[in-house]
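Top to bottom, those sequences are chains A and B.
Counting from 1 along the first sequence, just add 47 to a position and that's the residue number in this note's numbering.
Counting from 1 along the second sequence, just add 569 to a position and that's the residue number in this note's numbering.
Partial chain B-side listing against chain A, Cβ under 7 Å, derived:
hint : residue
1    : P768
2    : E990
3    : V999
Hint data in this document are derived by calculation from the structure and do not stem from the laboratory.
Keep in mind it's a predicted model, so treat the numbers as computed, not measured.
Built from N, CA and C at the ideal position, the CB exists for glycine as well.
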Amino acid sequence: MSYDLLAIVWRLIVVVLVLLAALYLYLAAAKARYRRAKRLVEERLVFAETSLQRSAQTDYPIDDLAAVARKNRYWLEATLEYCVRRIRLGGTNEEKKKIRQLVRASYGDRIRKHLTSRSWANRMNAMLYIGLFELDEYAAELAWAVDDRRRTEEERLLGLRTLAVLQRREVLTYLTEEGGALSDYYLRHILIPLGEPLLRESIERFSSWKPVVQYNLLDVLRIRHLRDTLTLKLFEDALSSDDPELRVRALKGIANFGYVGEDAEASYMERIADWKAMTWSEKLMAAKFMGSVPHDRYPEWLEQMLGDTHYLVRHQAMSSLMEYPDREKRLRCILESHVDRYARDLAMEMIERYGYGQHTA
Amino acid sequence: MDNIRLEWLGNVTEMLAYLMLGYVLAVIGFYTLLLLLATRKLAKERNVIPVQLEEVQHSAFTPPLSILVPAYNEEVNIVDSVRSLLGINYGLFEIIVVNDGSKDRTVDVMIEHFDMFPVRNKVQWSGLRKETKPINAVYSSRKHPNLLLVDKENGGKADALNVGINLSHYPYFVSLDGDTVLDPNAFVRVMKPILEAKPGEEIIATGGSIGIVNGSPVVGGYLKQDEVVLPRNPLVAMQVIEYLRAFLMGRIGLSEMNLLLIISGAFGVFRKDWVIEAGGYETGTIGEDMELVVRLHRLIREKKSGAQIAYVPDPVCWTEAPETLSVLKRQRTRWHRGLFESLWRHRVMMMNPKYGRIGMVAMPYFLLVELFGPIIEVFGYVTVALGYAFDVLNVPFVIAYALLMLLYGSLLTSGTVLLEELSLRKYNRVFDVTRMMLYALSESFWYRPIMLLYRWIGFIQAVRGKKHGWGDMARRGISVSANRNQDGKGVNG
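Kindly generate the complete structure, drawing on both the sequences and the hints.
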């Protein structure tokens, strides 16, 4: 028994030694290969940049370049790397069209294969390239990938986002059915690339969205700076919602807009009058709103907010108050007479800050 | 001694030997599991093009960050560190350097380089109800409005971080060491799990991996990524391997199982409201980073929350490792004392089902393997000696078994070099890989016994209740110019 065990241990030692040797050989080869590949790609990239740049901007044919890229791995890497870099810099529609042509010619035959590859990385990269270069001929495969429950969640969401980049309406259907289960991050990443037609349709379907989709749609509309009556009406309607979070997002949006209709403003003023009943996030946004959409009545409420229990609310109230005329006079008045100590501290900090700013101006 | 007693002692020794065998096999099994989990994760994500990062970076929705940099006697490195922070790829952030009563010119150097002026009235933002040492002055920068310097009386790193928390604006903060050099995309990467959290899922802290910068060129606060080399100093080279093992194998594996009990104080992101609710950093302990994470885990369980703590292998921050045994000894004894204190403070969680996997798996692992590991190891050697003395030892078997364990340990360590190839790809010279494998093979003959000794010392000090401090790390300086000034040569190890 003991002898058998000893024999087993010695055999295991041999196995481990072999594994160690194999691991070393693999690593040495992998590192050497990586360094060589990196050097080759860098060399080719220098050359590729010049010729591809010329091709992108003129009628210079790309067929030869694409043929080499299809045959040689390092050329393909260099070509894709260049195209990724170039398309992100922007350019004319013609230039982008040329880049897409080159990607299709070099890599196109592999994309379909990679979309269903066993390698997760290949599948992800295929979708990333489709999205980057807006290769809309693969929309059907992407839609299928999104519905394929065998894929990881990250993959399916990337597929959905790529469909959004390709401006496919299936995205809106998906958001209606399953948008409620997605995180804010993924919702925004799906909504952000939507073009104006789809965003308008999203606005029209607003009431059918789950709350989390509504919140993120308002945020996306804000950063997309859509300045039209339809968007403004949406923000104003959300401002009078019973959902406090919706009101918070609407306030952010309107603060960004810098304008609100009289009726909506009058209606919201009634809420502001009872600002102490708001959640801290709504107070914060209300303070921001009052700084961006000035009104004679707001400074009074902002000064009251300087005594709020939440630091961020106080700070925002102060920042908004500084948007109104007679800044110094207001600060000194707060410093001398505000009942709240924190408000007086904040006023002192602002006086020092503005006082310094004048010296270095 | 009569035969019966001898026989009894022999039986006891044999039993202990079997216990030791079981312990070693369990530890090896656990490490193998960690390695497999880490390999699976990294192999899967390898080669995915890093396009999505830029979307996070440029997103208007990326949460703003407060970067807290506690500094003690960092005049050599602080400027490069802050410069590297000012250049990071991230939307909105502020940097708060907290000078914790340095005896050198840390404050003067900061004021000079960043054109800083005293701010008499600085409102404290966060309600961390914890007393801190008095603040002497707060400085703002004319060149960089998002840079703040706080000069305070010495109170330790934890105290400095608490001051930073109090003065920070933003909902997330990052704790960094003063000698840290970051990858420009480090923050973007480390915030990704937080941003991607699903509805109902909450990530309240994430940690990144730490690399060793010794021997690699740092110019103007930036590490030249393509020129990272394995340091020539064997002690530092061995620490590189140790760090790779700890981060790429240990932390990825533990994070995959949601058993992560530590986020390095050198680089970790925390949700401020959770940290405030947990009470901030504990000043009476030396391992304040681990102690905070354990406390957060405890708070998560006590609140019956689904919040998680994650680890991201991608973001790398680079730090200077000790180059001499004396400094290394101070560091490792301090770490072991910190481990002891954290586990002792939260001993109520140990094997307590109320704390789920953390209480039932993570805490016992850290206790039996990390904390008591050196004691059990020495006990093992004693058992072998006793076994030999009482003639119950199968010498050929023990020799073969010891050799197998030695080689398998080297294989696990070498496995982390594979993980480095799958993920970071910083050490790309075949020469460096060869050296790493040789060090992995030789570790048990020189480095491991040294670490065993230091951990023993740390354990004894902890049991005796030794007082702690920052620990005077002898700074060589990480920048190229600092190194040239010091010895007139280049920077290669």
